Amino acid sequence: MTSTLVHDAPAAAPASTVRQLARLEARRFGRHPLFLVGVLFSVITMVAIADDRSPDSLTNGVIPSFFLGVLSMVVSYRLTRSTAPAAEAVDAAPTSGTTRTAALCLAGLVPAAAGVVWLAVMYVVFAVWPPDAWAWATFDAADRLAIFTAQSAVAGLGAALLGVVVARWLRFPGAIVLAVVVLLAWVLSAQAVAAVDAPSTLGAALRMTAPFTVWTSVDPGSASIDTWLGSPAWHLLYLLTLCALAATAAMLRDAAGRTRVVLLRVGGACAVVAVLAALAATTGGIDEPTRTSRDGSTSVVSEH
Amino acid sequence: MPAVLRAAPWGAVLGGTTAGALLLLVAAGAPRAGAAFVPLALALLAGAAAFVLDEPAAAAVDAAPRSLRSRTAVRAVVALVPFAVGSFGLLVAGQHAAHVWLPGTVALLAGCVLVAVAVSTALRRRLPAPGESAAAAVGLSIVALATFEPLSRWVSVMPTSSDAAWGRTAAVWSVVAVVCGGVAAAATRDPLAARWSGRPRRRRRRRRRH
Chain A
1 MTSTLVHDAP
11 AAAPASTVRQ
21 LARLEARRFG
31 RHPLFLVGVL
41 FSVITMVAIA
51 DDRSPDSLTN
61 GVIPSFFLGV
71 LSMVVSYRLT
81 RSTAPAAEAV
91 DAAPTSGTTR
101 TAALCLAGLV
111 PAAAGVVWLA
121 VMYVVFAVWP
131 PDAWAWATFD
141 AADRLAIFTA
151 QSAVAGLGAA
161 LLGVVVARWL
171 RFPGAIVLAV
181 VVLLAWVLSA
191 QAVAAVDAPS
201 TLGAALRMTA
211 PFTVWTSVDP
221 GSASIDTWLG
231 SPAWHLLYLL
241 TLCALAATAA
251 MLRDAAGRTR
261 VVLLRVGGAC
271 AVVAVLAALA
281 ATTGGIDEPT
291 RTSRDGSTSV
301 VSEH
Chain B
1 MPAVLRAAPW
11 GAVLGGTTAG
21 ALLLLVAAGA
31 PRAGAAFVPL
41 ALALLAGAAA
51 FVLDEPAAAA
61 VDAAPRSLRS
71 RTAVRAVVAL
81 VPFAVGSFGL
91 LVAGQHAAHV
101 WLPGTVALLA
111 GCVLVAVAVS
121 TALRRRLPAP
131 GESAAAAVGL
141 SIVALATFEP
151 LSRWVSVMPT
161 SSDAAWGRTA
171 AVWSVVAVVC
181 GGVAAAATRD
191 PLAARWSGRP
201 RRRRRRRRRH
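As you go down the protein sequences, you meet chains A and B in turn.
Per my numbering, the very first residue in the first sequence carries number 1; after that it's consecutive.
Per my numbering, the very first residue in the second sequence carries number 1; after that it's consecutive.
Chain A with its partners taken away, still in its complex shape (with noise of 0.2 angstroms):
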């Protein structure tokens, strides 16, 4: 009588597989040029406004939503297209779209690491110079954190998410560059309208419903400071929200059976909890923009 030892190939677990991918793309990331140029002027500009004594001290954040948001979206997008000429071969390849492209999305980590790093070098700073407290204008520990960290970690991290789902649902030329275009013309024209018209609820609903915002505006002498509508807290919520959607949608390019089901599942309540944030986010928060002076008095802005 014979014998016959069969060994199994030890199949890889789904979630080893997504790790280990994600571990590949985290260090691709890290080391792509792009994404070194935007951590090297976040550093520099940083430096240059550490003992800077204007009271802006809350629009700080537009330095890592820029070098560390819109550079890691283009960082993505490169990252996602890079395997588009040995497309063949990665479709051979033992690991599904899906699986590659969550690990795509989980080096999306990296920059929000990045972004805690600048972070926690901000409120280093901010104990070493700290501004004036006239400067934080109605805002309290709390919801500066909720700003700061909208505009560093979590601008990052729904940043990179984004390159992922330009890459893998738009397939002509030059459409990184118009993505962060439209993105940039959303973002400026939600600020514009809230600045011609502060107490508007429209103005207050398109800022809260884009992806960057600033909360103040200082009047060009700097003697004092105007609040703007909406609840930082909630509108952190929103952009989280806007993170898992984008994700969902990476994922679900190349999604097939049961996990495109379980996609659109996630993909439909991660929508409503957007809505609903982002109304939260919209009557949420301070009832009229307000006025601080240097004194620290306040008052309710009428018009702007």
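Quick caveat, the hints were computed from the structure, so don't treat them as lab data.
This one's a predicted model, so the numbers in the text were calculated from it and none came from an experiment.
Hints are supplied without guarantee of correctness; some may be wrong.
Said to hold, decoys possible - Computed spacing ranges between beta-carbons, pair by pair:
(1) B:Gln95 <-> A:Leu24: 53 to 59 angstroms
(2) B:Leu102 <-> A:Val262: 23 to 29 angstroms
(3) B:Leu102 <-> A:Ala86: 45 to 51 angstroms
(4) B:Pro56 <-> A:Pro199: 49 to 55 angstroms
(5) A:Val124 <-> B:Leu14: 46 to 52 angstroms
(6) B:Ser141 <-> A:Ala113: 21 to 27 angstroms
(7) A:Ser200 <-> B:Gly181: 36 to 42 angstroms
(8) B:Leu151 <-> A:Gly221: 22 to 28 angstroms
To be verified - On the chain A side, residues computed to face chain B include the following (Cβ under 8 angstroms):
(9) Phe66
(10) Val70
(11) Val74
(12) Val177
(13) Val180
(14) Leu183
(15) Ala185
(16) Leu188
(17) Ala192
Claimed, not checked - Chain B is nowhere near these chain A residues, computed Cβ spacing over 12 angstroms in every case:
(18) Gly38
(19) Asp132
(20) Thr290
All C-beta atoms, glycine included, are put in the ideal place defined by N, C-alpha and C.
Starting from the known structure of chain A, fit chain B onto it as the hints suggest.
Here is chain B on its own, set in the frame of chain A:
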């Protein structure tokens, strides 16, 4: 139309040009809120110009008996499309929005287009289709310069209104134009010509030593 022009990536060029022109129309329609759209439009128009040297059939074209410089010169003509359409858009925006000074912004557009073509020319030596990389690099640089104004202490690099110090801006962009011309000339020189000019001299020296 020469074959070199026929093979230009018209889809990318016209797509970017149309998007840039639309943004300029928005800037014209919303004079107060649209000021920030002008740099974005310049970024899109320069991005469109960056695609003019894309050559998917580079392997075949590069082997043809026609120099890279002459092919680049013919293709660079295509960059006049985003420039012309953008200039018209700026003309419309200038009539409706006081913050857009036509002569200055048209000169800025010309500078941005020139930089985009120069960057594409430099990348074209290594990449058959440098458009996307060049468009991203130039577009992001334009937006960053307009947003952060890193040299604002000395000069405004991307002004749009007539009350800016245009003299210094013109000086900076003149230097940029000269550099772009140099980059384009160096990137399109014939590599064989450089090689042949150097070799005979080295050989003669070796013979004298022995």
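Q. Honestly, which of those hints from before does the structure not fit?
A. Those not satisfied are hints 2, 7, 14 and 18.
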